[in-house]
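Student: Using UniProt numbering, you'd call the opening residue of the sequence shown number 1 and step up by one each time.
By construction, these hints were calculated from the structure, which means they are not laboratory data. One or more hints might be untrue.
[What the hints assert, rightly or not] With a Cα cut of at most 27 Å, we get these calculated DSS-like pairs of lysine-lysine: (1) K331 to K363; (2) K363 to K467; (3) K467 to K498; (4) K314 to K363; (5) K449 to K498; (6) K331 to K314; (7) K508 to K467; (8) K331 to K347; (9) K449 to K467; (10) K508 to K449; (11) K363 to K508; (12) K467 to K296; (13) K363 to K347.
[Stated by the list, open to error] FRET-style restraints, in silico, Cβ to Cβ: (14) F224 to S291: 24 to 32 Å; (15) R504 to G9: 40 to 48 Å; (16) R466 to L19: 55 to 63 Å; (17) T59 to G157: 13 to 21 Å; (18) A248 to R466: 23 to 31 Å; (19) R295 to A459: 34 to 42 Å.
Quantities reported herein were computed from a predicted structural model and do not represent experimental measurements. We put the beta carbon where it would ideally sit given N, CA and C, even for glycine.
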Amino acid sequence: MKREKSAGGLFGLLARQYLLFTLALLAIAAAVFALWVLYTAQLFRVPDWDSLLADPALTAGKWETLRRHLTPGSGFAVYDEDGALVFAAGEGFDERVEPGALDCVSVWGAGVQIDAYELSGDGAARYLVVSHTPDGEGGEATRTVVLDGNYRVLLGGLEEGRAAYTPEEYRYLTGARFANSFAARADVSGPEGRAFTLLLRETYPTDAQYSEALGSSVWVAALFLPLFLLAAGLFIWRLRRRIARPLAALNAAVDAQSRGEDLRVGNCGGPREIRRIGQSFDQFAQRLAESEAERKRLDEGRQKLIADISHDIKTPVTVICGAADALCDGKVPEEERDRTLRMIQQKAADLARLTDAFHEYSKTQHPRFELQLRRVDVCEFLRAWLARRYDEIDLAGFSLEPVIPETPAFCMVDELQLRRALDNLLSNALRHNRLGTLLFVEAEPGPQKITVRIADNGAGIPPERRKTIFEPFVTGSAARTGTGGGLGLAITRRILEKHGGSIRLNEKPAPGRSTEFVLTLPLAREE
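The whole structure should be built from the sequences, with the hints applied where relevant.
Tutor: In structure tokens:
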């Protein structure tokens with residue numbers, strides 16, 4: 001038989017495909033972003049002033065050839081020592097500039113930033129100029145000067161010995177001469193060693209230019225969607241090819257099972273998890289048949305349960321009816337009338353207890369059965385419960401040995417239901433043990449729960465009853481807990497479980513004890 005190649009685990013398959021898909025998306029996003037960066041970089045190219053200043057054409061006086069270093073919105077001008085314009089690449093440069101004004105422009109590469117502010121307060125114009133210069137250690141050196149309306153120095157100074165600025169010098173110093181632009185100067189040597197000043201200017205894009213440029217680059221970002229859809233389609237096709245066929249085989253088996261046909265999946269291939277699902281489905285189909293047989297068995301048991309309940313009710317009713325008929329027909333001698341009436345009373349009481357037990361059990365099994373919880377000290381609750389039941393215990397000829405600590409142990413309990421659970425245990429002990437039996441009631445608070453032990457040294461419980469002692473309506477008189485119809489312990493277990501606790505029959509009671517029930521309740525949170 002040809003063995004199909006294993007596809008590994010579904011998680012591994014999905015993880016690999018997901019990682020590959022993620023890497024593909026990252027690659028697509030990176031490519032689109034790089035394309036967008038290249039496109040926008042072309043729109044907002046920055047001139048390479050360092051290359052321009054290092055170009056041999058500069059010292060040779062071939063100014064025109066230096067235009068290749070410029071970008072849209074940038075330009076430069078060459079001024080001689082007298083401030084006369086020798087050459088201009090771009091518009092807006094002055095034909096003549098005061099030599100001192102050019103000296104006020106920051107030197108290219110020095111990193112100097114000039115900020116200017118107009119001061120007002122007493123009606124006289126004043127100007128504050130701040131120079132920021134890197135200090136070479138990651139910080140900056142700051143110098144300030146305050147000028148009056150005629151640009152005379154009032155306070156501070158950017159240069160030693162400078163007492164005033166001309167209006168043109170102030171405009172070149174603060175950058176006001178070239179609005180919305182960056183300006184810098186460089187002192188260079190031209191033909192024959194002549195000294196020239198190179199004024200560099202770069203115009204900043206306006207908000208409208210930015211918006212227009214970004215709008216024109218939308219098509220680059222739009223490439224992501226078709227590339228994403230292409231990658232998604234490719235990976236979906238790959239996944240479908242790997243898992244669609246085994247899933248189809250599994251689906252066919254499920255459909256067949258829903259129609260009542262016995263179709264098994266077998267080896268459907270595909271990822272390991274899908275193969276396991278197929279195997280589990282085959283096991284489920286097998287167990288389904290077994291479950292159907294179990295359901296029929298439970299139905300038969302339920303019918304038998306109804307018969308047992310009917311028998312438990314019928315027995316006292318029959319006795320009551322027979323005795324009542326005998327009394328009515330005058331068949332009971334005078335000396336037997338009182339005994340007959342007491343028998344009727346006893347059977348009626350048994351029937352009432354049986355009915356109450358059925359009622360309580362049905363209430364605890366109802367989906368809407370809810371507890372009325374409140375914060376209660378269980379140790380104090382046990383002491384009060386024993387105090388109420390002490391006379392009954394004493395009159396029955398039993399002894400009591402309680403061990404309940406004074407330390408409080410607070411739990412969230414329904415006092416009525418918890419009292420009913422304890423009453424069931426105590427009533428069973430009184431009903432099924434001989435006179436002189438010693439009863440034990442102990443409480444042991446722990447860090448998260450309290451453990452309560454209710455035990456006796458009486459007749460004990462037969463081994464064959466121990467495993468089913470908490471089940472309701474256990475068949476056979478040996479499993480009954482008395483006239484309650486085998487429901488008392490089932491009710492007790494249900495009440496403890498609704499409290500979040502538990503009850504169990506200790507398989508190895510403490511020395512001197514024959515029967516020991518262990519109850520647990522979770523402690524309430526500290527308030």
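Student: Determine for every hint whether it applies to the structure shown.
Tutor: Hints versus structure:
no.: 1; hint: K331 to K363; in the structure: violated, 42 Å
no.: 2; hint: K363 to K467; in the structure: holds, 24 Å
no.: 3; hint: K467 to K498; in the structure: holds, 21 Å
no.: 4; hint: K314 to K363; in the structure: holds, 23 Å
no.: 5; hint: K449 to K498; in the structure: holds, 15 Å
no.: 6; hint: K331 to K314; in the structure: holds, 23 Å
no.: 7; hint: K508 to K467; in the structure: holds, 14 Å
no.: 8; hint: K331 to K347; in the structure: holds, 20 Å
no.: 9; hint: K449 to K467; in the structure: holds, 25 Å
no.: 10; hint: K508 to K449; in the structure: holds, 21 Å
no.: 11; hint: K363 to K508; in the structure: violated, 33 Å
no.: 12; hint: K467 to K296; in the structure: holds, 23 Å
no.: 13; hint: K363 to K347; in the structure: holds, 24 Å
no.: 14; hint: F224 to S291: 24 to 32 Å; in the structure: violated, 54 Å
no.: 15; hint: R504 to G9: 40 to 48 Å; in the structure: holds, 41 Å
no.: 16; hint: R466 to L19: 55 to 63 Å; in the structure: holds, 57 Å
no.: 17; hint: T59 to G157: 13 to 21 Å; in the structure: violated, 35 Å
no.: 18; hint: A248 to R466: 23 to 31 Å; in the structure: violated, 52 Å
no.: 19; hint: R295 to A459: 34 to 42 Å; in the structure: holds, 38 Å
This entry does not satisfy hints 1, 11, 14, 17 and 18, going by the numbered hints stated previously.
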